[in-house]
Amino acid sequence: MASGSKVTLKSSDDEFFDVTEAVALECGAIKNMIEDIGISSPILLPHVSRKIRSKVIQYCKYHVESQKPGVSEDEIKSRDQEFVKVDQAMLFELILAANYVNNQKLLDLTCQIVADMIKGKTLEEIHNTFNIKNDFTPEEEEEIRHENQWAFE
Amino acid sequence: MDEHEAELMGLGNLPESCISIILGLTTPRDICRLSAVNHTFRLAGNSDSVWEKMLPIRYRNLLERLDSPLHFSSKKELYFTLCHPQLIDCSKKKFWIERATGKLCFILSPRELHITWGDEGRYWQWNSRDNSSFKEVAELVTVCWLEVRGLFDCKVLSPGTEYTISFRLKLKESRRGVNRIYGHRAMIPHLSRPYGWSNKPVKFSVTTAVGDHQIYAMYLSDTDKPVADDGYQMTTSRHVEEGWMEFDAGRFFVHEEGDNPGKIDFCMGEWEGGNWKGGLVLDGVKIQPSSSFKEGMN
Chain D
189 MASGSKVTLK SSDDEFFDVT EAVALECGAI KNMIEDIGIS SPILLPHVSR
239 KIRSKVIQYC KYHVESQKPG VSEDEIKSRD QEFVKVDQAM LFELILAANY
289 VNNQKLLDLT CQIVADMIKG KTLEEIHNTF NIKNDFTPEE EEEIRHENQW
339 AFE
Chain E
3 MDEHEAELMG LGNLPESCIS IILGLTTPRD ICRLSAVNHT FRLAGNSDSV
53 WEKMLPIRYR NLLERLDSPL HFSSKKELYF TLCHPQLIDC SKKKFWIERA
103 TGKLCFILSP RELHITWGDE GRYWQWNSRD NSSFKEVAEL VTVCWLEVRG
153 LFDCKVLSPG TEYTISFRLK LKESRRGVNR IYGHRAMIPH LSRPYGWSNK
203 PVKFSVTTAV GDHQIYAMYL SDTDKPVADD GYQMTTSRHV EEGWMEFDAG
253 RFFVHEEGDN PGKIDFCMGE WEGGNWKGGL VLDGVKIQPS SSFKEGMN
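Quick note, the sequences are listed as chains D and E, same order. For the first sequence, our numbering assigns the number 189 to the initial residue and increments by one for each residue that follows. For the second sequence, our numbering assigns the number 3 to the initial residue and increments by one for each residue that follows.
For reference, chain D alone in the conformation it holds in the complex (with noise of 0.2 angstroms):
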């Protein structure tokens, strides 16, 4: 297994592109795919968009490049927070795409930016700051609320 060897990747909009074999790896799914059927057909991410796949592979190659000696750990952690400074819906599609490639590193990552938002929040905040919709009956609510009393005081 070269460490030069190139994986050809395609996205949703049938684009395709290249990247090193290291840099492949650091998804879970994209290994296991390669595992199963080699390098040498493109491997095929239909749920990923053109913009995304270049966020998502801009993480894995400095997370290769980071795995080289002379890293510092706080390095890695500042790289990491400058790569999260996203806007809300970026953020979301990060966390899907990490999911979908099975990236435990970034999904890690994109979902504690998602946690520091959400803790201490009540649930007139995260309704409007988020846009979600309430699909409980007026009842079902009354009921989660007395169950979880000593959360809401």
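Source of the hints: derived by calculation from the structure; they are not laboratory data. Some hints here could point you the wrong way.
To be verified - Distance condition first, Cα-Cα at most 25 angstroms in a straight line; then the derived DSS-like pairs of lysine-lysine:
1. D:LYS219 - D:LYS243
2. E:LYS55 - D:LYS309
3. D:LYS309 - D:LYS273
4. E:LYS227 - E:LYS202
5. D:LYS265 - E:LYS55
6. E:LYS55 - D:LYS307
7. E:LYS55 - D:LYS293
8. D:LYS198 - D:LYS219
9. E:LYS55 - E:LYS157
10. D:LYS243 - D:LYS256
11. D:LYS198 - D:LYS249
12. D:LYS307 - E:LYS77
13. D:LYS194 - D:LYS243
14. D:LYS256 - D:LYS194
15. E:LYS265 - E:LYS157
With chain D's structure known, arrange chain E on it following the hints.
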């Protein structure tokens, strides 16, 4: 996915598995409150993967030490069950979780402590009380050498937390204005009222495995009386439920990784005054997050 669909992408589009990961990075309070956001949040908020993250890291070890086994059908149910004190180590200790934070708390029974003269009935007696933490409390009849020591291995405590060790006790209810002094020859079958506590303050101390030593003092009969003249720093104390008081012996920090306070030694003692004292009831020693006091009772 085209650009138009991308604009609609939001928290509400994430699958339950992703919501679970997100909730697992928040707190028990957040998880319970946010279960009212929508069905996905509720399902994710009830999942074992989320509550596994809220439970103390070494909870399985603690479950093995229970006096009687617990039955639970989900990790969430286990979490809330463990918010109530559970007996472990042959009823010598209890532990519980602080509901909002998931931090572990312990209380050690007087039987877990080393009490000088504790086995001699003319000095200390072991009785049961309705409102005690364990089956027995240790009641001081009379001693001139008061010394109660204990040891606790901090590796089981919640990382990233400052803990306080406190002695939980009370002085038996006394009649106002009466302060009788009994000599050791008076073998009193009934427990006496408190006496001998105004001569010298009681000393409370904690020593960590790396040798950090803290020592404080307080007059049990008058917690406002200064101790500086005796050469000590005053400790903190508080009234808690059922007439008990907690006197703090010291604080220590349990780190996320690396250096750990190890086995902590703690002591309550008064042997400098040489006088006889009695009428103290010892319920146990509590080890709890320092932040518990600031927020009040759970």
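Now the hints, each set against the structure:
1. D:LYS219 - D:LYS243: holds (18 angstroms)
2. E:LYS55 - D:LYS309: Holds - the C-alpha atoms of D:LYS309 and E:LYS55 are around 20 angstroms apart, at most 25 angstroms.
3. D:LYS309 - D:LYS273: holds (21 angstroms)
4. E:LYS227 - E:LYS202: holds (10 angstroms)
5. D:LYS265 - E:LYS55: Status holds; Cα separation ~22 angstroms.
6. E:LYS55 - D:LYS307: holds (16 angstroms)
7. E:LYS55 - D:LYS293: It holds: about 17 angstroms lies between the C-alpha atoms, which stays within 25 angstroms.
8. D:LYS198 - D:LYS219: holds (15 angstroms)
9. E:LYS55 - E:LYS157: The hint holds at about 18 angstroms.
10. D:LYS243 - D:LYS256: With Cα atoms ~21 angstroms apart, D:LYS243 and D:LYS256 stay inside 25 angstroms; holds.
11. D:LYS198 - D:LYS249: holds (17 angstroms)
12. D:LYS307 - E:LYS77: Given that 25 angstroms is the threshold and the Cα spacing comes to 21 angstroms, the pair holds.
13. D:LYS194 - D:LYS243: Between D:LYS194 and D:LYS243 the Cα gap is close to 18 angstroms, so the pair holds against 25 angstroms.
14. D:LYS256 - D:LYS194: Holds, because 20 angstroms separates the two Cα atoms, which is no more than 25 angstroms.
15. E:LYS265 - E:LYS157: Within the cut-off at roughly 8 angstroms; holds.
The structure fails none of the hints (numbered hints given earlier).
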